[in-house]
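*Asks:* Here the protein sequences come in this chain order: A and B.
Convert by adding 508 to the 1-based position in the first sequence; the result is the number in the working numbering.
So in the working numbering, spot 97 of the second sequence is number 78, and the numbers just go up one at a time.
Source of the hints: derived by calculation from the structure; they are not laboratory data.
There may be inaccurate statements among the hints.
Listed next, the in silico DSBU-like pairs over lysine-lysine satisfying Cα-Cα at most 30 Å (straight line) [unchecked claim]:
#1 A/Lys530 x B/Lys97
#2 B/Lys39 x A/Lys552
#3 A/Lys517 x A/Lys579
#4 B/Lys50 x A/Lys527
#5 B/Lys39 x A/Lys560
#6 A/Lys517 x A/Lys544
#7 A/Lys560 x A/Lys544
#8 A/Lys579 x A/Lys527
#9 B/Lys49 x A/Lys560
#10 B/Lys49 x A/Lys549
#11 B/Lys30 x A/Lys517
#12 B/Lys30 x A/Lys527
#13 B/Lys97 x A/Lys527
#14 A/Lys530 x B/Lys30
#15 A/Lys544 x A/Lys530
#16 B/Lys30 x A/Lys560
#17 A/Lys552 x B/Lys30
#18 A/Lys548 x B/Lys30
#19 B/Lys49 x A/Lys552
#20 A/Lys552 x B/Lys50
#21 B/Lys97 x A/Lys549
#22 A/Lys549 x A/Lys517
#23 A/Lys575 x B/Lys50
#24 A/Lys579 x B/Lys30
#25 A/Lys527 x A/Lys517
#26 B/Lys97 x B/Lys30
#27 A/Lys575 x B/Lys49
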Amino acid sequence: DTAVSQTPKYLVTQMGNDKSIKCEQNLGHDTMYWYKQDSKKFLKIMFSYNNKELIINETVPNRFSPKSPDKAHLNLHINSLELGDSAVYFCASSLNRGYEQFFGPGTRLTVL
Amino acid sequence: AQSVTQLGSHVSVSEGALVLLRCNYSSSVPPYLFWYVQYPNQGLQLLLKYTTGATLVKGINGFEAEFKKSETSFHLTKPSAHMSDAAEYFCAVSDTFRSGNTGKLIFGQGTTLQVKP
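Use the sequences and the hints to build the structure in full.
*Replies:* Printed below as a string of structure tokens:
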């Protein structure tokens, strides 16, 4: 009965590879988000979708591309991975914009 | 633009002592304010939130926070610390839900709470 789930939990890969992280929520929420937490634990918004429409696209390299096939899913695809992409990526969802957000367990990405 | 400053990256208290984690915000519109807790290797869990109404809000695990508009503060307190409170705490601000606003969370840099026996 997990509310917001992410797969995989850990991802170790080589520089230059392409990888995807998947996120699913079973809360019936309209809005989903991707956040990046760096090694100093600083959290920053990357993207947000509301009803499958992109509403937030922060200053993120275009190697990062979110995809929302439906309201319950928001995936993150990363091309040509770089060392600096190593971080923990959190997915979150909320009933709508401005409501409290529920976070997934995170995906720890390590780029070697 | 909105921003959040958490004063003190590390706070250490003894078990049973008062916990006070400081948060100041900047916002050009009435803010929504949140405190989240992150236990090691886990996601973020909402402790409490302020949107409108009563400025003293109570959350889970005995935590509470008071919204003080004049001081632009939203400090988190707990009367008596427990060992299980040791974690990372994040204060966050969001713009209120109106047409055109995104609802994105702007986080402070986090405060690590250590609880000593």
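*Asks:* Now look at each hint and say whether the structure bears it out.
*Replies:* Results of checking the hints against the structure:
no., hint, result
1, A/Lys530 x B/Lys97, "violated (38 Å)"
2, B/Lys39 x A/Lys552, "holds (26 Å)"
3, A/Lys517 x A/Lys579, "holds (22 Å)"
4, B/Lys50 x A/Lys527, "violated (44 Å)"
5, B/Lys39 x A/Lys560, "violated (34 Å)"
6, A/Lys517 x A/Lys544, "holds (14 Å)"
7, A/Lys560 x A/Lys544, "holds (20 Å)"
8, A/Lys579 x A/Lys527, "holds (22 Å)"
9, B/Lys49 x A/Lys560, "violated (36 Å)"
10, B/Lys49 x A/Lys549, "holds (27 Å)"
11, B/Lys30 x A/Lys517, "holds (28 Å)"
12, B/Lys30 x A/Lys527, "violated (35 Å)"
13, B/Lys97 x A/Lys527, "violated (41 Å)"
14, A/Lys530 x B/Lys30, "holds (28 Å)"
15, A/Lys544 x A/Lys530, "holds (14 Å)"
16, B/Lys30 x A/Lys560, "holds (26 Å)"
17, A/Lys552 x B/Lys30, "holds (19 Å)"
18, A/Lys548 x B/Lys30, "holds (24 Å)"
19, B/Lys49 x A/Lys552, "holds (25 Å)"
20, A/Lys552 x B/Lys50, "holds (25 Å)"
21, B/Lys97 x A/Lys549, "holds (22 Å)"
22, A/Lys549 x A/Lys517, "holds (17 Å)"
23, A/Lys575 x B/Lys50, "violated (39 Å)"
24, A/Lys579 x B/Lys30, "holds (25 Å)"
25, A/Lys527 x A/Lys517, "holds (13 Å)"
26, B/Lys97 x B/Lys30, "holds (27 Å)"
27, A/Lys575 x B/Lys49, "violated (39 Å)"
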